[in-house]
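K.L.:
Here is what each chain is made of, one letter per residue.
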Amino acid sequence: MTPEIRPPDLGEPAVRSPELLRLVQAARSAPAPVLKVSSDAVFAGFQARRRDHRRLWAGVGLAVAAAVALVWARPSFMSSRTGPLEPVATNSSEAAHVAAPALAAAVRVVAEEGPPAGVRDAWQVELRDGRYDVTVAAHAGPELLRVDTAGGTVEIAQGRVVIVVAGTRTEAELRTGVATWIAPDGARTPLAVAPAEDDAPDPKASPSDLARQADALLAAGRRDAAIRVLDFLVTAHPDSPPARAALLDLARLLKAASRTDEARCAYALYLERYPGKEQLADEVEGALGRLGPGPACTGLRPR
Amino acid sequence: MTSRAAVRDVESAAVLAAAQDGDRAAQAAIFEAYKDRVARQVFRMTGDASSVDDLVQEVFISAFSAIGRFRGDAQLGTWLYTIAANRVRNWWDSQRRRRRREDIASASTGEDPVATPEADFEATQQRERLYRALGELPDKLRESFVARAIEGMNLHEASAALGVPISTVSYRTRRAEQLLCAALGIPWRDE
Chain A
5 MTPEIRPPDL
15 GEPAVRSPEL
25 LRLVQAARSA
35 PAPVLKVSSD
45 AVFAGFQARR
55 RDHRRLWAGV
65 GLAVAAAVAL
75 VWARPSFMSS
85 RTGPLEPVAT
95 NSSEAAHVAA
105 PALAAAVRVV
115 AEEGPPAGVR
125 DAWQVELRDG
135 RYDVTVAAHA
145 GPELLRVDTA
155 GGTVEIAQGR
165 VVIVVAGTRT
175 EAELRTGVAT
185 WIAPDGARTP
195 LAVAPAEDDA
205 PDPKASPSDL
215 ARQADALLAA
225 GRRDAAIRVL
235 DFLVTAHPDS
245 PPARAALLDL
255 ARLLKAASRT
265 DEARCAYALY
275 LERYPGKEQL
285 ADEVEGALGR
295 LGPGPACTGL
305 RPR
Chain B
409 MTSRAAVRDV
419 ESAAVLAAAQ
429 DGDRAAQAAI
439 FEAYKDRVAR
449 QVFRMTGDAS
459 SVDDLVQEVF
469 ISAFSAIGRF
479 RGDAQLGTWL
489 YTIAANRVRN
499 WWDSQRRRRR
509 REDIASASTG
519 EDPVATPEAD
529 FEATQQRERL
539 YRALGELPDK
549 LRESFVARAI
559 EGMNLHEASA
569 ALGVPISTVS
579 YRTRRAEQLL
589 CAALGIPWRD
599 E
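Sequence order for the protein chains is A and B. In my numbering, each residue carries its 1-based index in the first sequence increased by 4. In my numbering, each residue carries its 1-based index in the second sequence increased by 408.
Just so you know, the hints here were simulated from the structure itself, not pulled from any lab data. Do not rely on the hints blindly, as some may be mistaken.
To be verified - Beyond 12 Å from chain A on every Cβ pair, some chain B residues (computed):
1) S420
2) A421
3) A425
4) F472
5) R479
6) A482
7) Q483
8) L484
9) N494
What the hints assert, rightly or not - Using 20 Å as the maximum straight-line C-alpha spacing, the simulated SDA-like pairs for lysine to any residue come out as follows:
10) K40/A x G455/B
11) K40/A x A437/B
12) K548/B x A144/A
13) K40/A x D444/B
14) K548/B x S458/B
15) K40/A x R445/B
16) K40/A x R477/B
17) K40/A x T576/B
18) K548/B x T576/B
19) K548/B x R479/B
20) K548/B x E559/B
21) K40/A x E287/A
22) K40/A x L275/A
23) K548/B x N562/B
24) K548/B x G145/A
25) K40/A x C589/B
26) K40/A x A261/A
27) K208/A x D243/A
28) K40/A x R432/B
29) K40/A x R452/B
30) K40/A x D462/B
31) K548/B x P17/A
32) K548/B x A52/A
33) K40/A x A457/B
34) K548/B x E565/B
35) K40/A x S470/B
36) K548/B x I574/B
37) K40/A x S458/B
38) K548/B x G476/B
39) K40/A x R448/B
40) K548/B x C589/B
Using N, Cα and C, we set each Cβ at its ideal position, and we do this for glycine too.
Input sequences plus hints: build the corresponding full structure.
P.N.:
Here you go:
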């Protein structure tokens, strides 16, 4: 739509539709929540962030110093194999690779064997012979990643696909998520999720990565695997920002999976951890009440 | 509640410089002067009372970490408004991901596992409808609409808070209204 040229009337109403205005008034009339966070908590968070920044800069400084020292010292293995005139960065194809467009932030392509992927645009790559691990994280837009190979195209909505290319033969193994194989004649075949050994949460993954992994597993219809990841998230990172939403999701998924006793424990754990969030706590108490009484949570997850 | 005297005090160069150096008392003074305003803004932008504490904390931590870049061209309140709007954008991103998860989970049970108390049911439903539709809008349209319609700012105030011309605020608000009406199945006509 093209913006109108006419100057705005300074007294124009913000909302013209009476029906929409009713919804807006409901939003306006909602009482503002009582703020519980204190200046002490903010100060503690500020100090922690400042510490992290200092560590980061110290790390960068050390890395730069090490790089300078390395260049200055020019160890024999470098000087004997590379010289200033060797065509390391002057090769035209490599120069073109450097200037290639960047992939979208949600996309990661790792060449486990073979040459790097050729990036055509933010949502399109080309693979040559080799083995590639391609991940498309959950993202807000409708974009699909197109992975072109000599034998056909893999289109990935979200998830992780391991692709092996050998000449005109391409094998695509969907580990999580949703993807489609497009043959050279245009025939489309949805890929089925292959049984994978790597559903177990990565102990080194960040809480946000774990939340994304749970999203991807759930999108692939793998509720039990998503439950395992969320359980790990709320247990290993109880103080992280995603933990609260993850614990609530975990409770709902457990209930949906008819694992009622564990769902009850998850709701109870939520109330124990977040007693100050009155509004949601009321609703969680309601959900807990509807599950009815059950055994003690000893020996049950999450803990 | 934010008093004008308190705001004037915390906007003094001495307090800002002390806050920048990590002075606890200076940061506490700024926090106390602006916390309610930021909390109200965050609540009206998200419609989610349970996220307000976390977001307010994040806003002030971000602000104190970056306060060296605050040059006094705008008021401190306007600067905080911008930081809060950015944090809320990230919140909407994660919220969209989370809703996808919830939709799948509740589709498999055929019911909403967390019901709302009866007394507030209708108002809560209306708010949830509105905020669900707001969550689907582009960030800039949503921010204009929230500033004008829900926070009740006039065009001048919204223009200053969002850092865009009045005509842009006006256009974005109308465009947001049009998209909201379409999403909510409400007839819309441009007068």
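K.L.:
So, for every hint listed, does it hold in this structure?
P.N.:
Verification of the supplied hints:
With a least CB separation of 18 Å from chain A, S420/B remains clear of the 12 Å interface cut-off, as annotated. Every CB of chain A lies more than 12 Å from the CB of A421/B, the least distance being 20 Å, so the non-interface label holds. Non-interface status of A425/B relative to chain A is upheld: no Cβ of that chain comes within 12 Å, the nearest being about 16 Å off. The beta carbon of F472/B sits about 5 Å from the closest Cβ of chain A, which is not more than 12 Å, so the claim that it is off the interface is violated.
For R479/B, the requirement that its beta carbon stay farther than 12 Å from each beta carbon of chain A is met, with the minimum near 20 Å. The claim that A482/B lies off the interface holds: its Cβ sits roughly 21 Å from the closest Cβ of chain A, which is beyond the 12 Å cut-off. Its beta-carbon lying about 20 Å from the closest one in chain A, Q483/B satisfies the requirement of being farther than 12 Å from that chain. Look at L484/B: its CB is around 15 Å from the nearest CB on chain A, clear of 12 Å, so calling it non-interface holds up.
Listed as outside the interface, N494/B is consistent with that label: its C-beta sits roughly 16 Å from the nearest C-beta of chain A, beyond the 12 Å cut-off. Taking the CA atoms of K40/A and G455/B, the gap is near 17 Å; set against the 20 Å cutoff, the hint holds. At most 20 Å may separate the alpha-carbon atoms for a hinted pair to count; K40/A and A437/B meet this at roughly 16 Å. For the suggested pair K548/B and A144/A, the alpha carbons sit about 15 Å apart, so the restraint of at most 20 Å is met.
Under the criterion of a C-alpha separation no larger than 20 Å, the hint pairing K40/A with D444/B is consistent with the structure, at around 11 Å. Restraint check for K548/B and S458/B: not satisfied, since their Cα atoms lie roughly 24 Å apart, outside the 20 Å limit. At roughly 14 Å between alpha-carbon atoms, K40/A and R445/B fall within 20 Å of each other, so this suggested pair holds. Our distance criterion of 20 Å between C-alpha atoms is broken by K40/A and R477/B, whose separation comes to about 28 Å.
For the given pair, K40/A sits about 36 Å from T576/B by alpha-carbon distance, which is inconsistent with the 20 Å threshold. Taken as a hint, the K548/B and T576/B pair is honoured in the structure, with Cα atoms around 10 Å apart against an allowance of 20 Å. Distance restraint check for K548/B and R479/B: the Cα-Cα separation of roughly 24 Å exceeds the 20 Å cut-off, and the hinted pair is therefore not satisfied. Our distance criterion of 20 Å between C-alpha atoms is met by K548/B and E559/B, whose separation comes to about 15 Å.
Restraint check for K40/A and E287/A: the C-alpha separation of about 19 Å stays at or below 20 Å, so the hint holds. A C-alpha spacing of about 16 Å is found between K40/A and L275/A, which places the hinted pair at or below 20 Å, so the restraint holds. Restraint check: the Cα-Cα separation between K548/B and N562/B comes to about 17 Å, which is no more than 20 Å; the hinted pair holds. As the CA atoms of K548/B and G145/A are separated by approximately 16 Å, the hinted pair is consistent with the 20 Å bound.
This hinted pair does not check out: K40/A and C589/B have alpha carbons roughly 35 Å apart, beyond 20 Å. A hinted pair counts as satisfied when its Cα atoms are at most 20 Å apart, and K40/A with A261/A does not qualify at roughly 35 Å. For the hint pairing K208/A with D243/A, the CA-to-CA distance comes to about 16 Å; that is within 20 Å, so the pair holds. Under the criterion of a C-alpha separation no larger than 20 Å, the hint pairing K40/A with R432/B is consistent with the structure, at around 18 Å.
Restraint check for K40/A and R452/B: satisfied, since their Cα atoms lie roughly 17 Å apart, inside the 20 Å limit. Pair hint K40/A plus D462/B holds up; C-alpha atoms about 10 Å apart against a cutoff of 20 Å. For a cut-off of 20 Å, the pair hint linking K548/B to P17/A stands: about 19 Å separates their Cα positions. Distance restraint check for K548/B and A52/A: the Cα-Cα separation of roughly 31 Å exceeds the 20 Å cut-off, and the hinted pair is therefore not satisfied.
With a C-alpha separation of about 11 Å, the suggested pair K40/A and A457/B falls inside the 20 Å cut-off, and the hint holds. For the given pair, K548/B sits about 16 Å from E565/B by alpha-carbon distance, which is consistent with the 20 Å threshold. Taking the CA atoms of K40/A and S470/B, the gap is near 18 Å; set against the 20 Å cutoff, the hint holds. Restraint check: the Cα-Cα separation between K548/B and I574/B comes to about 14 Å, which is no more than 20 Å; the hinted pair holds.
Distance restraint check for K40/A and S458/B: the Cα-Cα separation of roughly 11 Å lies within the 20 Å cut-off, and the hinted pair is therefore satisfied. With a CA separation close to 26 Å, the supplied pair K548/B and G476/B exceeds the 20 Å bound. At most 20 Å may separate the alpha-carbon atoms for a hinted pair to count; K40/A and R448/B meet this at roughly 13 Å. Restraint check: the Cα-Cα separation between K548/B and C589/B comes to about 17 Å, which is no more than 20 Å; the hinted pair holds.
Violated hints, listed in ascending order, are 4, 14, 16, 17, 19, 25, 26, 32 and 38; each of the other numbered hints is respected by the structure.
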